[in-house]
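With the hints as extra help, turn the sequences into a complete structure.
Under my numbering, the first residue of the sequence shown is numbered -8, with each subsequent residue one higher.
Errors might be hidden in some of the hints.
As the list claims (entries may be wrong) - Computed beta-carbon distance windows for the label pairs:
no., residue 1, residue 2, range
1, ASP309, SER250, 18 to 26 Å
2, HIS389, ARG48, 29 to 37 Å
3, VAL453, GLY283, 24 to 32 Å
Bear in mind the hints are in silico, worked out from the structure with no lab data behind them.
Everything numeric in this text was worked out from a predicted model, so none of it was measured.
Backbone N, C-alpha and C fix where the C-beta goes; we use that ideal spot for every residue, glycine too.
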Amino acid sequence: MSEIAQLRAELAELRAGLAEAHEMIRDLRRVIVAKDERIALLEAENTSLREDNAQLRTRVADLEQQLKMNSRNSSLPPSSDQMGRAKPKSLREKTGRKPGKAAGEGGSALAMTVPDVEHDWYPRACRGCGAGLAGAAEAGLVRRQVHELPEPAIVVTEHRMHKRRCACGCVTVAASPAGVDAPVSYGPALRAFAVYLVVFQLLPVARTAELISDLTGATVSEGWIMNVLAEAHDGLADVDAAIKTLITLSYVVHADETSMKLSPLGVSGGKGWLHVAATTTLTSYHVHLSRGLKAVREHGVLPAFAGVLVHDGLSMYDSARLADPAGERPPVFTHALCGAHLARELVAAAERHPGRNWPLQAKRALYALNDAAHEARGQGRDHIPPEILGEQVTLFRHAVRIGLAAHRRDHTRREQSKTRNLLERLRDREADVLRYARDLAVPFTNNRAEGDLRMAKTKVKVSGAMRTLAGLKQFARIRGYLSSARKNGVTAWNAGSSKLSGVEVSAALAGSGAAGA
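Listed below in structure tokens is the structure:
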């Protein structure tokens, strides 16, 4: 029995050991499961960190690229260039031509004219013997003219409307001249001067009042100047409509837009948009709180335009809904992309990809075609010689193909790189990119529209912000009129004086006709 008891004890001990082993196995399995879960979690975290790291690398690269952007390789204005950056260089390469006037070119200088005032000066004594010259014989004269600004002063004109008593006993008063309604008022020349200073010379209203007072002695208020601007704006409604019609009938039109600061800040976040449609002879502005299609449709120029539209490539100008919201009547104009914008993008691509030659080759081809177009126009031809056109277009296409091969589409991403987008645009829109080379009536750049908008940014720099949206609209309409007049050989001062004096100069604008490009 002792052996059986011993065996039973050993068996019980074995069973206890086996149970302990099973418990250890269960513990180990739990540890393994926990570790597997931990490993899976760490792997997931590692994957997430890798993705975050890749995104951060991309973000850092984008930020570094943004820091490298300036007015030379993007559409940023020169005023945005930060200190320490290299000064913007011309996109054109050196030609070896010395700066300044070329040899043989004529100069300009003041010429003798019929004087308004003459002063005679006589010698008192002989420069030889010292004898007096009173009553001596005339031996000719030396003429010297000084062109001087006259002393500005207010001239008060009194209009006296006489009364006459008829034999019937009725008393009749003569009608007063147009614009002479109040007992005392400022005349159209002074009103035109105020408009000229605010709208064309871009002075703030307060400084305009100060300048008028300092120069003429007339004490005008800021409210009076604002009323004059409102009257000028309302009086130009018909002229503004005529300018829009003439631009719509033109062959080449430039379009662009820029933001304008508004005060108070409660108006659309303190920002409005100034749109421009311009030719070489006409300028039309439109003010809106939107940058997009609604503003362009309200402007009313591009929806009916059927010529060539030069623009910077903003997608809005390609929209089928530009003419009407439903898109049932798409625009019929032809596109021409601004070469200056493309050249800046090519410079940026060359900086992003050092060692790649295709960006500079494409840029050189664009500028070579522009030079050939200028030369052809100067020689009275309506086309670039075929051999030059063919050679440069081939170089341009080769550059684009090389770029496309070097920077292939990333099918894992919906959004492609800036370089790839640029190359596809150059390939897919070659006709719009090179339109200036095949139609010499089309310019290489959109400088016309950009130049007509530049003064608006200067206005904001000088004045800080436009007070109201209505004030910006007044400024835009008057400026469009003065700009159009100036393009037609009428100075901004004469245009303003004529309009505020009741004399129409819009006939000069109409004379520009639909041929204005």
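Here's how the hints hold up against the structure:
At roughly 21 Å, the beta carbons of ASP309 and SER250 sit within the given window of 18 to 26 Å. A hinted range of 29 to 37 Å for the beta carbons of HIS389 and ARG48 is consistent with their spacing of about 32 Å. At roughly 28 Å, the beta carbons of VAL453 and GLY283 sit within the given window of 24 to 32 Å.
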